[in-house]
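Letter by letter, the chains look like this.
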Amino acid sequence: MGASITEEEVKKIEDKAFAIRKTIIEMLAVSGSGHTAGPLDMADIFSALYFHVLKHDPKKPDYEDRDRLFLSNGHIVPVRYSAMAHAGYFPVAECLTLRKFGSRLQGHPERAMLPGLESTSGPLGSGLSQAAGYAYAARIDKKNFRVYCATSDGEHEEGNIWEAIMFAGKYKLNNLVCIMDRNNIQIDGNTEEVMPLEPIADKYRAFNWHVIEIDGHNVREFTEACDEARAIKEKPTLILAHTIAGKGVSQIEGDYHWHGGGPGKGVPSKEQEKTFLEALNQSHVK
Amino acid sequence: MLNKSAKLALNIFENPDKAGTREGFGKGSVEAGKLDERIVVLTADLAESTYAHHFQKAFPERFVQMGVAEQNLATVAAGMAEYGKIPFFTSFAAFNPGRNWEQIRTTICINNVHAICCGMHAGLLTGPDGATHQALEDIALMRALPNMIVISPCDAEEARKATLAAAKAGRPVYMRFAREKTPILTTAETPYEIGKAIVMWKAEKPQVAIFTTGPLSYNTLYSAKELEKEGIQVSVTNVHTIKPLDENTILAQAKEAGAVVTYEEHQVHGGLGGAIAELLVKNAPLPMEIMGVQDRYGQSGEAKELVEEYGLGISHIIATVKKVIARKQS
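These protein sequences, in sequence, are chains V and R.
Under our numbering, the residue at position 104 of the first sequence is numbered 104, and the numbers go up by one with no gaps.
Under our numbering, the residue at position 287 of the second sequence is numbered 287, and the numbers go up by one with no gaps.
Next up, chain V with everything else stripped away, as it sits in the complex:
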């Protein structure tokens, strides 16, 4: 296990998470389409990944021994773009090209378009398979890097992802960590109404995974969970991150209508941008 994270480091990650959220709101307001709740609620975890957990080098995105971060629920990619920009992969200003013609920042991530992406994703339920295939291949070659895969809760309604969970459990892929954004919402409503997932932790355990449940907005809990996963040798690990959809913007928190959509209906309109940023400032002061 790595050394325990210091208060200073926690503070730095939280400050970066604030900056990441701010950029998310700005980029969505400019793009006029996309997804809001997921990117906002995963900002703490993506901040922790890019500013503490991952071995990576923004100046050399393809360096061989880097840790790999797969994003399975590709629609929350604004949080990844924002985190990457703040980490130095590209200028933060480029975030404002999200979803525009000619931009590297495609509506759903495309590996070939932007260095630092590990996969092309968007259609739900297949990212964990890619991460598992990657982890399996890395094990053949006795590589030491870690493979992380961010997933949504809603995409666990797909059959493909359970095939991946079964596969990773069978082959004891201890270099693989699945991070589930358990924000309880999806497009048509709350997950437990659309298609119940519970008891989701027990389901993973039954498929031979190690499960760690955390508060997805507590960066200390997240980084410690990543450390714990590193010490689990006989299984892959699920970090089940309980989050609040739209975290940081009080007026939309927990509301499934803010999963995504168009201006004023799922993504902030130009008018809402200001009030969202004010709410975000408030939450950060608290």
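In case anyone wonders, no lab produced these hints; they're calculated from the structure.
Predicted model, so just to flag it, every value in this text is computed and none were measured.
A few of these clues could be false.
Taking CB as the label site, the calculated pair distances span [stated by the list, open to error]:
(1) V:Asp188 to R:Pro146: 23 to 33 Å
(2) V:Arg230 to R:Glu48: 38 to 48 Å
(3) V:Lys172 to R:Asn283: 52 to 62 Å
Calculated pairs, DSS-like style, for lysine-lysine (alpha carbon to alpha carbon, straight line, at most 27 Å) [as the list claims (entries may be wrong)]:
(4) R:Lys168 to V:Lys143
(5) R:Lys57 to V:Lys143
(6) R:Lys57 to V:Lys170
Backbone N, C-alpha and C fix where the C-beta goes; we use that ideal spot for every residue, glycine too.
Given the coordinates of chain V, work out where chain R should sit on it, guided by the hints.
Okay, now just chain R, sitting in the frame of chain V:
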């Protein structure tokens, strides 16, 4: 007459050797595995039927049993290809690419990684298993995807060479294979290059250019020989790569003959016939007949019975050639 430069087998017309094209995959994958350590083979509970068990035996550490999970089969392969492995992922064509088409589209083709989808038991030759297991739409499914190479070998030897070539393609590949043992037309000396069609039968003044793909191709050669006896001259070109299409060879053969027949063990929509029609309509619109399965599903039966029932026998080819000649003359 047989095209000498194609260096075909000498016993094509008399007691030819026979093997399933999947056997060619089995051999080719082991040869490729010896040449390149990056090659891995995945299967979805069909190691023996897909002939992946040859690779499994030779390289157990590079063989991956996926269970009956074709969506995961394709996407795990995509992840391995992202890493830098060269995965051949195998199952029956009805499920791979039948069930996992979207996964192939997103994680392999848009992603543009070098992973090779191997669809076994393709076509009517699957026989007694019936309609559900006789993939007749796979070429159309794969041909529509940008970045994808689509290969349909005519015999086990060509399948072996195609497997070796696919291992070096550097981008997504779909290969279709059949179960039934069919005549081996080509030899180790027959040239093989992805995207390069092979003229198998030539004539001094061909009246019809026949384009064929897959393991029923021998029927076109047998038909050419019969037609020759009747004084009807044709050419036969084996289009083993349906994408990218060998436009130069196909246009040259088609223009020389002035009429075209295509022949495949696939739906008439979206397969070889469709690909050649798209080419000709832009460059050389000619009388053309598309032989294949006429918008129907398969059924149980012996391969031979099904070939006749679905209008793909030698008598059907001869009749179709005469029909297109009549159209040309009218």
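- For the pair V:Asp188 and R:Pro146, does the Cβ-Cβ distance stay inside 23 to 33 Å? holds, 32 Å
- Message: Is 38 to 48 Å respected by the C-beta to C-beta distance linking V:Arg230 and R:Glu48?
- Response: holds, 39 Å
- Task: Verify the proposed pairing of R:Lys57 with V:Lys170, using a straight-line Cα cut of 27 Å.
- Result: Between R:Lys57 and V:Lys170 the Cα gap is close to 21 Å, so the pair holds against 27 Å.
- Given hint V:Lys143 paired with R:Lys168 - CA-CA distance at most 27 Å: Since the Cα atoms of R:Lys168 and V:Lys143 sit roughly 24 Å apart, the hinted pair holds (cutoff 27 Å).
- Given the proposed pairing of R:Lys57 with V:Lys143, does the C-alpha separation stay at or below 27 Å? Since the Cα atoms of R:Lys57 and V:Lys143 sit roughly 25 Å apart, the hinted pair holds (cutoff 27 Å).
- Task: Evaluate the given range 52 to 62 Å for the C-beta pair formed by V:Lys172 and R:Asn283.
- Result: holds, 56 Å
Consistency note: the structure conflicts with none of the earlier hints.
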